[in-house]
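Asker: This is what each chain is made of:
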Amino acid sequence: MASHPGLTAEPTENALELRPSGSWVSRYVTELETLTGSANAKLGHATVVRLDLGAVSEIDTVGAWLIEKLGRRAAAGGSRVEATGVAESYGGLVEEVRQVNRREITPAPQPNPLVAKLSELGRSTLAAAQDITIFLDMLAALAFALGRTLRRPRSLRVTSLVYQMYRIGWQAIPIVVLITFLIGAIIAQQGIFHFRRFGAESYVVDMVGILVLRELGVLIVAIMVAGRSGSAYTAEIGSMKMREEIDALVTMGLDPVEVLILPRIVALVLTLPILAFIGSMAALYGGGLVAQLYGGMGPPIFIARLHEAISVTHFEVGMLKAPFMALVIGIVACSEGLRVKGSAESLGQQTTTSVVKSIFLVIVLDGLFAVFFASIGM
Amino acid sequence: MDDLERSSAIRVTDLIVGFGRQVVLNELCLEVRRGEILGLVGASGGGKSVLMRTIIGLIPRRSGTIEVMGIPLGRADERATQDVATRWGILFQQGALFSSLTVKQNVQFPLRENLQMSPGLMDEIAIAKLEMVGLRAEDGDKFPAELSGGMTKRAALARALALDPAIVFLDEPTSGLDPISAGDFDALIKTLQQTLGLTVFMVTHDLASLNTVCDRVAALADGKIVAIGPMSDLLRSEHPWVKAYFHGKRSQMLQPKVS
Numbered sequence: 009m010a011s012h013p014g015l016t017a018e019p020t021e022n023a024l025e026l027r028p029s030g031s032w033v034s035r036y037v038t039e040l041e042t043l044t045g046s047a048n049a050k051l052g053h054a055t056v057v058r059l060d061l062g063a064v065s066e067i068d069t070v071g072a073w074l075i076e077k078l079g080r081r082a083a084a085g086g087s088r089v090e091a092t093g094v095a096e097s098y099g100g101l102v103e104e105v106r107q108v109n110r111r112e113i114t115p116a117p118q119p120n121p122l123v124a125k126l127s128e129l130g131r132s133t134l135a136a137a138q139d140i141t142i143f144l145d146m147l148a149a150l151a152f153a154l155g156r157t158l159r160r161p162r163s164l165r166v167t168s169l170v171y172q173m174y175r176i177g178w179q180a181i182p183i184v185v186l187i188t189f190l191i192g193a194i195i196a197q198q199g200i201f202h203f204r205r206f207g208a209e210s211y212v213v214d215m216v217g218i219l220v221l222r223e224l225g226v227l228i229v230a231i232m233v234a235g236r237s238g239s240a241y242t243a244e245i246g247s248m249k250m251r252e253e254i255d256a257l258v259t260m261g262l263d264p265v266e267v268l269i270l271p272r273i274v275a276l277v278l279t280l281p282i283l284a285f286i287g288s289m290a291a292l293y294g295g296g297l298v299a300q301l302y303g304g305m306g307p308p309i310f311i312a313r314l315h316e317a318i319s320v321t322h323f324e325v326g327m328l329k330a331p332f333m334a335l336v337i338g339i340v341a342c343s344e345g346l347r348v349k350g351s352a353e354s355l356g357q358q359t360t361t362s363v364v365k366s367i368f369l370v371i372v373l374d375g376l377f378a379v380f381f382a383s384i385g386m
Numbered sequence: 013m014d015d016l017e018r019s020s021a022i023r024v025t026d027l028i029v030g031f032g033r034q035v036v037l038n039e040l041c042l043e044v045r046r047g048e049i050l051g052l053v054g055a056s057g058g059g060k061s062v063l064m065r066t067i068i069g070l071i072p073r074r075s076g077t078i079e080v081m082g083i084p085l086g087r088a089d090e091r092a093t094q095d096v097a098t099r100w101g102i103l104f105q106q107g108a109l110f111s112s113l114t115v116k117q118n119v120q121f122p123l124r125e126n127l128q129m130s131p132g133l134m135d136e137i138a139i140a141k142l143e144m145v146g147l148r149a150e151d152g153d154k155f156p157a158e159l160s161g162g163m164t165k166r167a168a169l170a171r172a173l174a175l176d177p178a179i180v181f182l183d184e185p186t187s188g189l190d191p192i193s194a195g196d197f198d199a200l201i202k203t204l205q206q207t208l209g210l211t212v213f214m215v216t217h218d219l220a221s222l223n224t225v226c227d228r229v230a231a232l233a234d235g236k237i238v239a240i241g242p243m244s245d246l247l248r249s250e251h252p253w254v255k256a257y258f259h260g261k262r263s264q265m266l267q268p269k270v271s
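For the protein sequence lines, the chains are F and R, in the order given. One gets the numbering used here by counting positions in the first sequence from 1 and adding 8 to each. One gets the numbering used here by counting positions in the second sequence from 1 and adding 12 to each.
Any given hint might turn out to be false.
Below, a list of computed lysine-lysine pairs in the BS3-like style, where the Cα atoms sit at most 30 Å apart [stated by the list, open to error]:
| no. | chain 1 | residue 1 | chain 2 | residue 2 |
| --- | --- | --- | --- | --- |
| 1 | F | K349 | F | K125 |
| 2 | R | K202 | F | K77 |
| 3 | F | K77 | R | K154 |
| 4 | R | K154 | F | K349 |
| 5 | F | K125 | R | K154 |
Calculated directly from the structure, the hints in this document are not laboratory data.
Can you make the complete structure from the sequences, with help from the hints?
Answerer: Structure, rendered in structure tokens:
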């Protein structure tokens with residue numbers, strides 16, 4: 009039944025006989041395109057083009073369309089087209105294909121490249137401004153929800169809050185401890201290696217202590233939480249948005265900010281300082297261990313030096329930053345989640361944006377805090 | 013191929029499918045003839061979708077054979093199975109259009125993967141398919157999220173038909189459509205089945221579809237096909253579940269009494 013397709017073109021007086029044969033199906037589409045392409049060239053200006061489909065053994069939409077296109081081309085060239093030999097088994101298909109692709113589709117006009125660039129620039133500027141509005145919107149919605157909850161403390165979703173704290177806090181401890189421990193160890197090793205040249209090895213304790221407690225402990229933990237939990241928040245809320253779960257909440261008279269977002273952000277604000285504390289301790293421990301193994305400084309000396317080098321202020325500076333960073337991560341993650349549209353691609357894109365944006369904002373915030381603490385002398 | 017083989021598009025024998033301890037399909041036998049529209053009815057959760065998904069290879073079976081177009085599935089070599097997959101099109105209940113591609117790209121996807129076609133021809137074929145299922149060429153540039161329920165079903169059908177399949181599986185094609193759109197969709201399926209010579213395997217609860225488009229109806233109960241035949245035969249069936257299904261209160265409201 010299946011045989012390679014063929015197409016013969018016989019010019020007679022004033023007429024052109026086109027005889028397709030064999031299987032005009034999509035399997036042979038490459039051959040079919042060549043065949044109709046070469047037949048196109050022969051169309052010329054025959055007054056009559058006769059299409060005899062009698063020798064076609066099987067045909068599908070692709071084949072029928074290619075023959076139809078040949079016929080239309082001939083008709084456009086001023087020929088009269090006569091189709092014969094259409095078998096009953098595929099007559100319906102040929103008839104159906106005759107109806108399609110009739111309307112001209114005007115391609116959208118290509119805009120001037122300069123104008124396109126400018127409008128792109130304008131759009132991204134507006135988008136940046138919109139980002140700020142969205143952030144402030146979410147902050148305000150959160151404040152309202154928090155206010156309402158504080159007036160009626162019973163409406164706080166304790167189960168959800170505890171569950172979120174468990175997920176983003178308790179489950180994150182092993183990885184947070186591991187990474188901060190390694191970072192503390194690396195800083196101490198580098199410090200000892202370079203300070204040794206000046207005979208100032210003992211100052212490595214000052215460096216590790218101040219750096220970890222003031223900056224690195226909280227910053228590393230915040231970045232990890234943004235990557236680990238911020239992305240999860242965006243993906244969760246985004247897929248809820250995609251499956252209309254958020255709309256369902258709204259129609260039940262519930263505020264999604266209060267039900268979904270408040271517990272998540274409060275959990276983040278409560279857990280991030282704890283994680284930052286644990287992380288800082290792990291980093292100090294890592295530093296101490298390296299000081300003993302690599303620098304030959306025993307734990308009693310390390311602790312005594314640490315006592316002299318750092319004060320509670322350093323610790324306070326670090327810890328004070330943690331809840332603000334948590335707030336920024338939470339707001340960015342949740343508002344990006346709410347911006348997810350219908351497609352799977354949009355979910356991925358929004359999750360990426362959420363992580364990138366929250367890490368960026370965490371670092372910016374850290375810089376602002378550094379300026380602030382310096383100016384108030386902490 | 014002898015005549016017997018030619019006449020059946022799908023042949024399922026002694027199929028057993030289960031999850032854990034639960035047996036969903038128990039020694040089920042079913043034959044779908046070429047060129048017919050077969051409607052499958054059954055209780056919600058009774059295994060209709062499981063049967064369809066087992067035939068198309070999404071759910072593993074415990075035992076039994078499935079032959080599609082005379083080719084046994086699973087046993088045949090990889091190539092033959094792949095070949096069969098290009099000869100069927102599936103309309104999933106929710107459409108399952110790829111959400112990051114436009115409608116036109118969705119329809120072109122099987123063409124692009126399986127055939128070497130020039131981009132111009134591919135565009136024309138995609139638009140031809142869209143127009144065949146009653147969409148406009150302009151709709152081709154929309155994303156699935158921008159379509160209404162009825163349009164999604166039509167677009168998904170266009171994708172299912174992209175490779176001119178011999179068999180089309182429809183999973184509840186009219187669910188979620190208003191009666192007018194559902195009627196239009198039924199008519200569309202009938203027309204396409206006639207023009208393209210399709211075999212249609214349709215899982216449905218829509219009594220109107222069963223009445224108007226299906227050549228035969230199969231009733232699935234207790235993991236078996238308990239009745240199969242034209243609608244009139246099923247209405248006369250004595251099986252208690254089939255009786256309850258077609259002669260329940262909701263059905264009575266729709267149909268004239270059968271003597």
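Asker: State the violated hints by number, sorted upward, taking the hints as numbered earlier in the document.
Answerer: none
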